[in-house]
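Please put together the full structure from these sequences, using the hints given.
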Amino acid sequence: MTGPSDGEPHKVGVAISDVIAGLYAANAVQAALRHSEATGQGQYIDVSLLDTQLAALVNVASNYLISGQTPPRLGNQHPNIVPYQVFDAADGQFVVAVGNDGQYAALCTVLQRPDLFHDERFSTNPARVQNREVLIPLLQAEFKRQSVSYWMEHLVQAGIPCGPINTVAEALQDPHAQARGLIQQTRLANGELVSLLGMPVHLSHTSAEIRYPPPLLGEHTEQILQEVLQLSASEIEKYRAHGVI
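5 is the number of the first residue of the sequence shown in my numbering; add one for each residue after it.
Rather than coming from a laboratory, the hints here were simulated on the basis of the structure.
Every residue, glycine too, gets a C-beta built ideally from N, C-alpha and C.
The reader is advised that the hints may include incorrect statements.
As the list claims (entries may be wrong) - The calculated label-pair distances, taken between Cβ atoms and stated as ranges, are:
#1 Val-33 to Gln-234: 25 to 33 Å
#2 Leu-221 to Gln-34: 30 to 38 Å
#3 Glu-174 to Ser-211: 21 to 29 Å
#4 Pro-76 to Tyr-48: 33 to 41 Å
#5 Tyr-154 to Thr-43: 56 to 64 Å
#6 Tyr-154 to Val-33: 19 to 27 Å
#7 Ser-71 to Thr-128: 13 to 21 Å
#8 Ile-169 to Ile-20: 16 to 24 Å
#9 Tyr-48 to Asp-92: 22 to 30 Å
#10 Leu-37 to Asn-80: 35 to 43 Å
Now the structure itself:
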């Protein structure tokens with residue numbers, strides 16, 4: 005379902021299946037702990053990568069289950085909301101996420117195209133979904149007239165959700181990400197200062213923090229061999245001499 009309508013399927017940019025499965029697993033652990041506290045009964049948790057991928061289809065899966073029609077690939081468009089996609093400006097790309105008819109009316113005002121709102125083909129979201137292939141080129145022609153920064157300023161003022169298409173560097177350096185402390189710094193055992201992603205969830209009394217830096221390669225080898233495997237210093241040195249560690 006991911007990729008351009010006239011091209012091949014595309015993979016998601018990150019290991020989204022692993023991330024989603026981990027989040028579901030964390031929720032399952034909390035639910036099981038709550039049940040254990042209430043009843044004293046423990047339980048086995050079964051989390052499948054496939055199951056969590058299918059659950060993450062959310063509205064796309066619902067569209068199929070309700071209609072029986074296989075959802076097509078729509079590129080950067082939304083299957084149920086129009087306009088809700090990437091557009092080209094004069095100097096770059098940005099996203100517009102018009103979630104309701106009121107926002108669409110505001111968009112037409114910003115574009116100085118009230119005719120696009122009063123046209124019955126576009127006046128409601130169901131009509132826009134049905135006529136997206138007519139509407140989108142008309143909107144694209146308008147957006148091409150100005151820069152990304154121009155549209156960001158005017159769309160935000162009008163209360164229309166939008167945002168520029170950022171590189172990874174631009175996203176991580178965004179003032180919002182900086183203000184939220186999403187980038188944290190810590191020092192490795194060798195004194196090197198490194199930047200890491202922080203916790204995206206903030207709790208009022210138990211804020212997450214980086215307590216230990218990522219270990220260097222082999223940093224804890226000797227400690228583990230001594231404390232876990234109960235090897236002596238001479239045995240460890242023998243393994244080191246033979247290139248085992």
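Hints, one by one, checked against the model:
| no. | hint | verdict |
| --- | --- | --- |
| 1 | Val-33 to Gln-234: 25 to 33 Å | 32 Å, holds |
| 2 | Leu-221 to Gln-34: 30 to 38 Å | 34 Å, holds |
| 3 | Glu-174 to Ser-211: 21 to 29 Å | 26 Å, holds |
| 4 | Pro-76 to Tyr-48: 33 to 41 Å | 39 Å, holds |
| 5 | Tyr-154 to Thr-43: 56 to 64 Å | 60 Å, holds |
| 6 | Tyr-154 to Val-33: 19 to 27 Å | 48 Å, violated |
| 7 | Ser-71 to Thr-128: 13 to 21 Å | 19 Å, holds |
| 8 | Ile-169 to Ile-20: 16 to 24 Å | 19 Å, holds |
| 9 | Tyr-48 to Asp-92: 22 to 30 Å | 51 Å, violated |
| 10 | Leu-37 to Asn-80: 35 to 43 Å | 40 Å, holds |
The structure shown violates the earlier hints numbered 6, 9.
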